[in-house]
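*Asks:* Given chain V's structure and the hints, the job is docking chain W with the ligands onto it.
Chains as they are written, first to last, in our numbering: chain V, 1 to 251; chain W, 1 to 427.
It is possible that some hints are incorrect.
[Said to hold, decoys possible] Now the stretches of chain V that chain W is said to cover, found in silico as 3 or more residues with beta-carbon under 8 Å: (1) 47–54; (2) 65–76; (3) 92–99; (4) 106–114.
Calculated directly from the structure, the hints in this document are not laboratory data.
These numbers come from a predicted model, not from an experiment.
C-beta: ideal position from N, C-alpha, C; glycine also.
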Amino acid sequence: MLEIKNLKVKLEEEDKQILKGVDLTVEAGKVHAIMGPNGSGKSTLSYVLSGRDGYEVTEGSATLEGEDLLELEPEERAALGLFLAFQYPVEIPGVGNMTFLRTAVNAQRKARGQEEMSAAEFLKVIRAKAKTLKIDADMLKRPVNVGFSGGEKKRNEILQMAMLEPKMCILDETDSGLDVDAMKLVSEGVNALRDAGRGFLVITHYQRLLDHIKPDVVHIMADGRIVKTGGPELALEVEQNGYADILSEVA
Amino acid sequence: MALDDRKLNATEERLAAMTVPDVGCTKTARQSALARVRAMGLPARRDEYWKFTRPDTLVQPEAPKAAVFASDEAWVFDAIDRLKIVFVDGVFNADLSDDLTLEGVEIDRLEDVCCQDNHWAEDFYGTLEANSHDPVERPLAALNTAFAGDGVTIRVTGKPSKPISLIYTHESETSDVFLHHVVRVESGAEATILENGPAAARFNKCFEIDIADGGTLHHIRAQGRDHERRAAAHMFARLGKESVYKSFTLTVNGVLTRNETVIELTGDDAVAHVAGACLGDGDFHHDDTVFITHDAVNCESRQVFKKVLRNGATGVFQGKILVKPGAQKTDGYQISQSLLLDDDSQFLAKPELEIYADDVACSHGSTSGAIDEDALFYLRARGVPKDIATDLLTLAFLAEAVDEIENEEIADEINGRLEGWLERRRG
Ligand SMILES: Nc1ncnc2c1ncn2[C@@H]1O[C@H](COP(=O)(O)OP(=O)(O)O)[C@@H](O)[C@H]1O
Ligand SMILES: [Mg+2]
Chain V
1 MLEIKNLKVK LEEEDKQILK GVDLTVEAGK VHAIMGPNGS GKSTLSYVLS
51 GRDGYEVTEG SATLEGEDLL ELEPEERAAL GLFLAFQYPV EIPGVGNMTF
101 LRTAVNAQRK ARGQEEMSAA EFLKVIRAKA KTLKIDADML KRPVNVGFSG
151 GEKKRNEILQ MAMLEPKMCI LDETDSGLDV DAMKLVSEGV NALRDAGRGF
201 LVITHYQRLL DHIKPDVVHI MADGRIVKTG GPELALEVEQ NGYADILSEV
251 A
Chain W
1 MALDDRKLNA TEERLAAMTV PDVGCTKTAR QSALARVRAM GLPARRDEYW
51 KFTRPDTLVQ PEAPKAAVFA SDEAWVFDAI DRLKIVFVDG VFNADLSDDL
101 TLEGVEIDRL EDVCCQDNHW AEDFYGTLEA NSHDPVERPL AALNTAFAGD
151 GVTIRVTGKP SKPISLIYTH ESETSDVFLH HVVRVESGAE ATILENGPAA
201 ARFNKCFEID IADGGTLHHI RAQGRDHERR AAAHMFARLG KESVYKSFTL
251 TVNGVLTRNE TVIELTGDDA VAHVAGACLG DGDFHHDDTV FITHDAVNCE
301 SRQVFKKVLR NGATGVFQGK ILVKPGAQKT DGYQISQSLL LDDDSQFLAK
351 PELEIYADDV ACSHGSTSGA IDEDALFYLR ARGVPKDIAT DLLTLAFLAE
401 AVDEIENEEI ADEINGRLEG WLERRRG
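Looking at chain V on its own, in the form it has when it is part of the complex (with noise of 0.2 Å):
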């Protein structure tokens, strides 16, 4: 599904190298998790896979489904299926959640010759999937993200990829700043998206989200490359001991 060969990436402004060798892969139907230190490039490998702007690759390669990402603009990797959950989704004053969702699903479906979702039928949707992340009306109707808390903005995320349907979802730190209940919701979910022609890169700091949502294999990131690789236990190994054991072990 979604293949990273050694890629460096350094930022445009500065001659700083953040990303220094990353080689990942992530199978359909699989849920890959990386976890590590602050600072460590989690968020650059995922801006620079969606196609933010201030960033440079220097060496490398990703694609999706063989597709090579780097080379499109960013609605155009979203259209092929890529989706980023925001560790910081944007607040936008004066777009309506619902008019900003339907917007990006019909230009989606246009992107690939499908037909647009009707008013009607998107209504319909969007309803019954944000019932189940007990997003209400309210919210759907409201600017994007303006003045939700850190928790509704997270869900709206959710919502947001549960509409868009992706084939390759990668989620942010999804978790930052999420009392139990909306975790729960969160990764409840991220769960009725698991699907076997579906991919995950689950972003997190801690292993509290691991355990709602049950990873295939762990990476750790530290220092722009990942440095260990294992199974579900790797994070609990970093729940416990933290960072630290491994990353003098793979000095």
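*Replies:* Leaving out everything else, chain W with the ligands in the frame of chain V:
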């Protein structure tokens, strides 16, 4: 103060090219307006009030040519049930207009005012304009009072069932038009006035609006279509106790537009909202100049002006709130913002507050910025193409101004215009 020679010459040169229309009962008002023009002189480049906008083409004797815009785009407000009053190149056209009778309102053509004994507008014509020249002079408005060739008087006595719609079409490339409308909203009455159309190659329009205690007027105008048109519009409003005046102006296209709004809150608890949204592309200069005077207790004024500028377009905002001594509990708000879609475009703003009362809440802010890159990326990451995402953010930027329109049908019509304009430029 004596005028300098250059100003004097420019003024006399313009006046020499014109004759005061013979509309008997407004004759005195016109003669005194003419005397005001001579005393003030027409605007010149070095005038402080014209620092950001060159008045030359509004002052020179001949109107610069303006091609008539050929488009099959439907006219704005076409979908709205309204009473239509049509002016073609500044001349009232009875054939194109509806019958001017509507319950709750009395509408007369300006030249017919004199046929009636004691018409209410007889003594009102020119008074708000005449009172508007201190502390800043507005000679183009006085010029209008003196030379207005046509216009209507609207007296709102009840709650007319539909908006009164003034439509200004334009057929001549060289038309130079002066229209002067006067409005009185009687106590407790409420109406909506719509205005649209390019009107002329050069358009000078003056609106004098008197709102009695408890009266309400909604005023929505759309200035658009013709690319080469020029306009100087003055909107004078005087508000009585507990009265409400809400205006919104959409401006798209036009090489030069100067909209002056002068509002006096003279009765306690009055509310005045003035909003504007403008979209400028290329050879476009738009100037909103607003002067709101609080001269009563517990009044609210709100100015919301948003401008989207690209390809070298220029936006100007000069907005002032003057709170007179004794105008306690004034609530004054002013925001002027521009969204600059490239480095060639510019926004020039001069927000001012002048307050002579101690118990007031006034705030103002002016910003100028580019599209929010984070928001743009967020939209694109969800699959929205860059141009559509930019348009969505542009509409979002304008929303605070458009939201000032209370009537949903009219707001939809304005939003439809904005969307259409953006879409056409997307290609
Ligand atoms: N736009 C940027 N400007 C400056 N430094 C950046 C930028 N993006 C990332 N970095 C730096 O790159 C490193 C990795 O950051 P990030 O990818 O956010 O890490 P993580 O998500 O693992 O905490 C950090 O040192 C961070 O400060
Ligand atoms: Mg991060």
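*Asks:* Now tell me, hint by hint, if it's right for this structure.
*Replies:* How the hints compare with the structure:
1. Coverage of the region 47–54 of chain V by chain W holds. Counting CB-CB distances below 8 Å, 4 residues qualify, and the rule asks for three or more.
2. Counting residues of the region 65–76 of chain V whose beta carbon lies closer than 8 Å to any beta carbon of chain W gives 3, which reaches the threshold of three, so the coverage claim holds.
3. Counting residues of the region 92–99 of chain V whose CB lies closer than 8 Å to any CB of chain W gives 5, which reaches the minimum of 3, so the coverage claim holds.
4. For the region 106–114 of chain V, the assignment as covered by chain W holds, since 3 residues bring a beta-carbon within under 8 Å of that chain's beta-carbons and 3 suffice.
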